[in-house]
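K.L.:
What follows is each chain in one-letter form.
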Amino acid sequence: MRRRRAGGRRLAAALAAILAAAPARAGEAAEGGTGAAPEEEAPPLVAEPKLVKFVEADYPEEARAEGVEGSVRLALTVDENGRVADVEVLRPAGHGFDEAAVAAARQLRFEPARDAEGPVAVVIEFEYRFSLRAREGDEGAAPVDLAGLILDGTSGAPLPGVRVSVEGPAGFTAETTTDADGRWALRGVPPGGVTVRAALAGHEPGTVSTEVVEGQRTDVTLRLDPEGGDADADETIVVVYEAPETVVTRHTISIDDIRRVPGTFGDPVRVIQSLPGAARAPFGTGMLVIRGANPEDSAVYIDGVRVPLIYHLGGYESVINPDLVDSVDYLPGGYGARYGRSTGGVVDVRTRTDYPDRLHGSWSTDLLDSGGLLAGRVGRRGRVGVMAAGRRSYIDAILPAFTRDSGFTVKPRWYDYQLRVDRIDPETGTIPEDRDELGLFVFGFQDLLQASTPADVAQGTDPDTQGDLGTTYSTHRAVLHHAHDFRSDLRLETSLSFGVDGSSFLLGDTFRVDNRTVTATARSALIWSPGAALEVEPGLDFIGGTWAFEASLPFDPGSLADYDPIGEREPWSASGRGTLWTPDLYVEARVRPLADRDRLLLVPGVRLATLVVGAADREGPMLGPLTDLDPRLAVRVLALPQGTFKAGAGVYHQPPMPFEAWRPEGRVELGQERATSYEIGWEQRFGPAVDADLSLFYRAMDDLIVSNPDFASTTDAFFRNQGIGRAYGAELILRHARTDRFFGWVSYTLSRSERNDDPGASRGLLRGDDLSEGGWYLFDFDQTHILTAVAGYSLPHDFEVSGRVQYVTGNPYTPYSGGVYDVDQDFWFPYATGAYNSERMPDFFALDLRASRLFAFRRWQLEAYLDLLNLVRGTNPEYVVYNYDYSEQAWIRGLPFVPSPGFEARFAW
Amino acid sequence: MSRPRRSPRTGRIAGLALLAAGCGGPKLSQSWQLDRLRVLGVRAVPAEPRPGETVALERLLYLPAGASLGGVAWFACLPENADEFGCPVDPDLQAALEGADPESMSPEELAALYEQAVAAGLVGFEPWLAPTWTPPEDALDGLDAREATEGVSALVQLVALPGGGDDAAEEAEPAYKRVPVSLAATPNHNPVLAGFEVDGEAVEAGGTVAVGPGEAVDLTPALDDPEEYVYLDSAGEEETRTEEPYLTWYAEGGAFDQPFSLYPYTTATWTAPDRAWEGWVVAVARDRRGGMAWASLRVSVE
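Going down the list, the sequences are from chains V and Y. Just so we're aligned, residue 1 is where the first sequence starts under our numbering, counting upward by one. Just so we're aligned, residue 1 is where the second sequence starts under our numbering, counting upward by one.
Okay, chain V solo, but in the shape it has when bound (with noise of 0.2 Å):
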């Protein structure tokens, strides 16, 4: 369940999907000869009329029986009720047709449309088309907004004849009735948060809560329990897969689904990896790679604030407990002014806002780690809903033991935690339609990893590393959000952070890097919507803070590039501190120029990315100021009933790494690196649950930041803004969503990422490795196929299964056969047999299986499950070694096969 701002609710989105509602003010109706026109020229509106209630005509017999297809056009009087006081019938379709429309149009209800003054009566064009395909199939002219299944709560079966009752936002309410498979659908429901009622004699009736997002279907599962029995609903949210229309791609992922994905821990983020344009990361490594962007490049966010991390040690899970995850937004590329700071991808993690009425509470634990959500509400009438998380690894507790005799102890730790505190309805458990939102979102997450070694035995031959290795990384995040109407059409959403980065490197006594940022952010954003074609949004993205460091080496830094014997070695360290200011500022639409507003959506934008860093111990800026302006444009279009036309292109700037930004005197020369980014692409539904989506996309890069060539001492520029890259590709994701037993979808990624440090130049920068012509190398995580299919199956008596099957080509790495032994430093200089990331490892192949069931009782639910990784035991290499002197090669290969138990269960009091 995803959560939308009210402002972006558009009642034309729904209504064109089926009827290609067009409305018209009365006096443009006038010119189009509906002969409705009010006589004297009316006021300009502030907000058009917004359809809270839609039926469906009936299709006549006549015409079924004929076979025969229509549509009527049809002019609405809506008077200052929202009710329709007058039908007129503009196009006529005969075969019984205009009296259904203009039967089930008299039953239509609206929200007013509202000039300056208040409600008043408009007319509007209206049309109802009547298809045979669409009503035995599902399909045609709308997509279903809101569909369900219910099921007997104690066999499982599907119950036909459930009264369905729906209420929307701004009064909407809808009824239907289950079919012979327990199954309805409605079409035309506004976004926002709904309440589902169901009930059957002899059943206990059940009733959810969730959210209709414009743009994407919301499934709903309900489990009556019979008379007498348990009395407690299980209810399943799912948010189906769609591409809603802001962005040119996105990748709204099913929570309920990607949480059964074998090999993801039950952790919904680690599911990214099985998306189109995500390349595989080495295992254990959670790095996100997207379309061929660094890993650093790809931006993360919670709740639209953007944190260091998304993933604990070891990348294998994300620094957000699951239960508290809603949706996780992943945009490879495309995206909108709305994100920036970032060249690569950007992954969007939303938390829940629902709050149950009772409290609520679950339990995981697996091999890594055990923890907890408890959720619930309080305060008067139940108006603040409070939810609270934590989890804790255990990992460091079990591994002493197993390297106690040796002396040597390795820890690796994690904590997180989060803290979710909203005024809600207390009717709905969900953030309120009619008041301002107000919550308040605290989090943060601790890892630590420590090897101590006995004192009296070397790690090496370097005496200034003799000691213990430690490195830990911290956030802390509070997050203060408001989002305020002060009008129907005007909308201003705020969120204010305050937050702490640390990190810190520790090796023997006088190896020690440390970093604190505290930073405060503050993000706003004006939503004005003066009609259905057009929705404008300027915002404030800021963020602003102090960045402090402290490094201490034994060596130092600038004699790297000359022999540095250890015996005549100084001790180097530096500090710093001073500020950041990145006082973005950007606008973007969503125009809809077209009668049918979702036939063509524009979306352009543009940011103004920028940065200055100070530094307390010299005057002026460190860096800076940057400004640079990011135009952006994406543009969709409806081509077809069912299909979608997309295409995006944008600029994107990225400001300098924190340790790029500092040098020990003098102002840092660099600028931001930048990234222009071009996509194309189809979106095909085939149906109520399949679909397709295809894009292509290049992304040309320019002022990397790399090395300076010419770096000799620490008075030099460290970096310099002369690299380029290029990435491109093709992405398809064809995909089923969940129906009652199965889902899956199968992802496809063709693509290609090279880079160039020093364009024309034969020899790398740093060792001095050949390039191949041009100086273009592969991108080090280039990977041409990747290959991933998922599915799963619900089988009888609450068993699940689920696989994943993966191949992806090999990464590239650099082959070194022999080297030159460098007597004084007891080191090989590899000789290099190809040119930098001229060869491959071997493909990747694994497949991934978990099985697993539900144990439903009175009061809590118990889910086992046993996830088998690499089933087919395949050997994959992660990582190329050599021997001491490059003479052999060898595989760091990828997990065995492991069968990883675990469980959750959940509570309800």
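None of these hints come from the bench; they were simulated from the model. Owing to the predicted nature of the structure, the values given are computational and were not obtained by experimental measurement. Treat the hints with caution; some may be incorrect.
Said to hold, decoys possible - EDC-like cross-link-like pairs, simulated, lysine to aspartate or glutamate; straight-line CA separation at most 16 Å: (1) V:Lys-411 - V:Glu-427; (2) Y:Lys-27 - V:Glu-888; (3) Y:Lys-27 - V:Asp-885.
Starting from the known structure of chain V, fit chain Y onto it as the hints suggest.
P.N.:
Same frame as chain V, now just chain Y:
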């Protein structure tokens, strides 16, 4: 050619991945295993010459029993003529040297080849020409007094060729070493490694010791006290420092848990083969200023 911006993280997480994988990794030959021609150590005597002062170049090679040494070619160059692999050798000259058979060459041919090689920096070609090198008198010209005291690091390059066979060149062992040339008041001296203590019992370098099958023995090098020297820091201040030598260990059999030891914890533990065996254990000491020493121990497993 990795951009340094991504190297730290990649390296860190690669290490974590190995940790995560929890497996021992692939089986590769270990640096302490002596099973083929190897260059183990090289030193100049004296260790830190002045310009114009001739040094003898010595090397420690390992040659398996029954194998022969085809020769060792030595080159020397000042740092301005060096590259990252040592002293660059003209490929034609290298081919000519490797293909040369002094026994069948005329004195004129030998002289011509010698002149060509010397011009390219040849300073020795064992066993026919003992390696010595005299740093040019002008090696430190252009340096100020402080810089001349610190000196420059000349490079000595050697290529050890196995004897016989067409594959000799491919199996050649190249190595290089820096020789500091300076006017230092306290020039470096090579350390002295006189022998070992084997489980506390003194054994001279080259001596023999008997151990039991599978027995783990502590080997402590009989190393002279580390040398004190005057170091000029970057501010020009004198600082008295003490060397912190480390030892690299090799063996023809058995196993080292750790193939190096670090002053003052210089003892290494070697585990003998679990069967009857006889072979060499070798230690090479480096003083981290360019000085080296080595010693061997004959071990009999009975």
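K.L.:
Against the 16 Å threshold, does the CA-CA distance of V:Lys-411 and V:Glu-427 hold or violate the hint?
P.N.:
violated, 47 Å
K.L.:
Does V:Asp-885 sit within 16 Å of Y:Lys-27, going by the straight-line distance between their CA atoms?
P.N.:
holds, 14 Å
K.L.:
Does the structure keep Y:Lys-27 and V:Glu-888 at a Cα separation of 16 Å or less?
P.N.:
The hint holds at about 10 Å.
Checked against the numbered hints listed earlier, the structure breaks hint 1 alone; every other hint is satisfied.
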